[in-house]
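**Q** Each chain is listed here by its residues.
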Amino acid sequence: MNWQVILPLLLFLVIVFIVGVWAARHVKSSDSFLQEYFLGGRSLGGFVLAMTLVSTYGSASSFLSGPGAAYNQGLGWVLLSMSQVVTGYFVLMILGKKFAIITRKYNAVTIVDFLKDRYQSKWVVLISAISIIIFLFSAMSAQWIGGGRLIQSLTGLPYITALFIFTASVLIYVIIGGFRAVAITDTIQGSVMFIGTLILLVGVIIAGGGIPAIISDLAAENPNLITPFGANADLTPQYVSSFWVLVGVGVVALPQIAVRAMSYKNSKSLHRGIVISTVVVGFIMLNMHLIGVFARPILPGIEVGDTVMPLISMEVLPPWLAGIVLAAPMAAIMSTVNALLILVSSTVVKDVYINYINPKVSESGIRRLSMGVTTVLGIIVVLMSLHPPDLIIWLNLFSMGGLEAAFIWPIIGGLYWRKGNKYGAMSSSIVGIVFYIIFETYYPQPFGMHSVVSSILLALIAYVSVSLITQKQNSSFN
Amino acid sequence: MKKEDTDKNDYRFKIANREALIGVGLVIFNFIWWFGFAYGLGGQDPSNYSYTFGLPNWFFYSCVVGFIVMVVLVIIAVKYFFVDVPFDDDEENEDK
Chain H
1 MNWQVILPLL LFLVIVFIVG VWAARHVKSS DSFLQEYFLG GRSLGGFVLA
51 MTLVSTYGSA SSFLSGPGAA YNQGLGWVLL SMSQVVTGYF VLMILGKKFA
101 IITRKYNAVT IVDFLKDRYQ SKWVVLISAI SIIIFLFSAM SAQWIGGGRL
151 IQSLTGLPYI TALFIFTASV LIYVIIGGFR AVAITDTIQG SVMFIGTLIL
201 LVGVIIAGGG IPAIISDLAA ENPNLITPFG ANADLTPQYV SSFWVLVGVG
251 VVALPQIAVR AMSYKNSKSL HRGIVISTVV VGFIMLNMHL IGVFARPILP
301 GIEVGDTVMP LISMEVLPPW LAGIVLAAPM AAIMSTVNAL LILVSSTVVK
351 DVYINYINPK VSESGIRRLS MGVTTVLGII VVLMSLHPPD LIIWLNLFSM
401 GGLEAAFIWP IIGGLYWRKG NKYGAMSSSI VGIVFYIIFE TYYPQPFGMH
451 SVVSSILLAL IAYVSVSLIT QKQNSSFN
Chain W
1 MKKEDTDKND YRFKIANREA LIGVGLVIFN FIWWFGFAYG LGGQDPSNYS
51 YTFGLPNWFF YSCVVGFIVM VVLVIIAVKY FFVDVPFDDD EENEDK
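Quick note, the sequences are listed as chains H and W, same order.
For the first sequence, the numbering used here gives the first residue as 1, with consecutive numbering after it.
For the second sequence, the numbering used here gives the first residue as 1, with consecutive numbering after it.
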């Protein structure tokens with residue numbers, strides 16, 4: 001084992017753990033357990049807000065497979081990834097103040113809470129709670145497997161041991177510390193990603209003999225690597241542009257992201273959050289994917305894309321520094337996993353149990369239940385990560401686009417279009433998910449674009465037309 | 001319902017709606033900049049590319065300069081067009 005690499009990683013895990021314990025003290029002293037545990041008491045400042053958004057979003061896929069894809073595709077993939085700069089400002093500007101004011105009015109703690117009050121419908125609640133639980137649960141398992149694999153490849157420990165180290169370090173602070181612990185550790189993890197990618201980019205540029213040398217090496221190997229069209233010239237403008245929906249504006253509808261848009265303290269934290277998250281997300285995405293491209297002339301012939309980041313770090317940096325930098329993908333995975341865990345747990349406790357099973361549960365009952373559910377969910381995920389069932393892998397493929405197609409119009413329409421009603425919301429979610437799965441399975445890339453675009457358009461048509469058709473019923477109800 | 005009436009008259013929502021529109025405007029501008037430079041300058045044969053700081057011009061202007069321009073625009077938008085509003089309903093008694 002390479003202790004010079006492992007020690008900084010361990011140190012990082014210990015720091016994160018201490019923060020979790022520290023944040024837990026807030027949970028104990030707060031008067032509303034639900035607001036505190038699942039939303040950090042709506043008290044996030046601008047910096048923490050920005051960091052928790054960015055690091056929730058920057059997951060294992062963007063941190064390991066992103067640079068891997070850039071390694072294989074060249075600058076065209078960096079271009080594609082830059083569509084994510086949008087998320088930095090768009091999410092907070094669109095949901096923005098309206099969401100903050102309305103969710104406070106409704107006393108909503110989760111996205112489903114918001115939908116429930118806005119549409120006043122049991123079916124909207126059930127459909128959204130079920131899609132959150134199914135899709136995010138699978139997404140979580142995938143991240144969990146990634147975390148285990150990363151520890152395994154860095155330390156040489158067996159997969160099962162690595163998985164348990166990862167689990168213990170995530171679960172403990174999420175269970176006891178809740179949303180606040182998650183947000184604060186996200187901040188540390190986001191900073192690690194920011195600094196880590198910068199150090200590594202500089203290291204890679206030096207190792208490659210400067211940017212002009214790297215670019216001419218790339219062009220000599222395959223001129224397509226320095227065009228916007230990818231290594232095989234098959235990345236069409238329509239396809240690349242459609243990622244503006246999948247990983248750009250559509251992100252507004254991911255529940256784990258949207259819930260963060262109700263957690264900040266005041267307008268000032270929102271304003272600071274917008275600026276900081278734009279800078280941080282753009283910086284991390286640009287650096288990270290450039291690292292992937294620039295790694296190619298230095299370490300040619302890497303077969304598994306996910307290993308580009310670890311391999312290039314160990315190649316160009318001194319071991320102790322590589323340890324610190326490799327805490328970055330670790331941080332990315334952990335921060336996504338814990339955000340998902342707390343969200344699924346809040347859906348089960350708040351949206352399903354308190355709404356429909358036992359509305360009269362006491363404050364201390366909620367407390368025990370929340371921590372209990374978080375623990376049980378964590379354990380189930382671990383068990384599934386030991387031998388991932390095919391269904392989980394299949395569902396995970398649909399997770400991001402499926403959630404976007406399901407939630408984008410009920411959330412946006414719910415905020416900005418008064419005529420949108422529960423029938424519109426329900427049909428929009430169903431149409432979005434069903435068509436997304438159909439397109440992805442049988443007819444990928446309609447019109448040369450990622451299938452999320454067509455599904456979201458169909459969901460919009462469903463939302464608007466059904467809402468308008470059922471308008472009469474609704475106005476008599478008013 | 002009562003809720004909708006208060007929604008309509010709340011001065012804060014006018015501000016919120018305007019800020020959401022600014023967000024949409026920024027996205028459209030960002031997309032045009034990104035797309036225009038990437039495929040406008042990058043569409044030709046790679047042997048004709050010009051370079052800035054070692055990077056092909058299309059990439060430099062679309063991704064590097066584009067990012068910086070967006071950061072500046074976001075700062076300007078937030079600083080000069082976004083308004084501080086209270087989030088709590090303390091001053092409104094009609095709620096609940």
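In short, the hints are calculated from the structure, not lab data.
Errors might be hidden in some of the hints.
Stated by the list, open to error - Okay, the calculated beta carbon distance ranges per label pair: (1) Val376(H) with Gly40(W): 35 to 43 Å; (2) Val83(W) with Gln120(H): 37 to 45 Å; (3) Gly40(W) with Pro300(H): 25 to 33 Å; (4) Gly156(H) with Asp88(W): 52 to 60 Å.
Unchecked claim - Think about it this way: if two alpha-carbon atoms lie no more than 25 Å apart in a straight line, the pair counts; the simulated PhoX-like pairs of lysine-lysine are: (5) Lys14(W) with Lys268(H); (6) Lys79(W) with Lys419(H); (7) Lys105(H) with Lys268(H).
We put the beta carbon where it would ideally sit given N, CA and C, even for glycine.
**Q** None of the hints should be skipped; say for each whether it holds.
**A** Hint by hint, here is what the structure shows:
| no. | hint | result |
| --- | --- | --- |
| 1 | Val376(H) with Gly40(W): 35 to 43 Å | 54 Å, violated |
| 2 | Val83(W) with Gln120(H): 37 to 45 Å | 31 Å, violated |
| 3 | Gly40(W) with Pro300(H): 25 to 33 Å | 31 Å, holds |
| 4 | Gly156(H) with Asp88(W): 52 to 60 Å | 53 Å, holds |
| 5 | Lys14(W) with Lys268(H) | 18 Å, holds |
| 6 | Lys79(W) with Lys419(H) | 33 Å, violated |
| 7 | Lys105(H) with Lys268(H) | 19 Å, holds |
Violated hints for the displayed structure, listed by number in ascending order: 1, 2 and 6.
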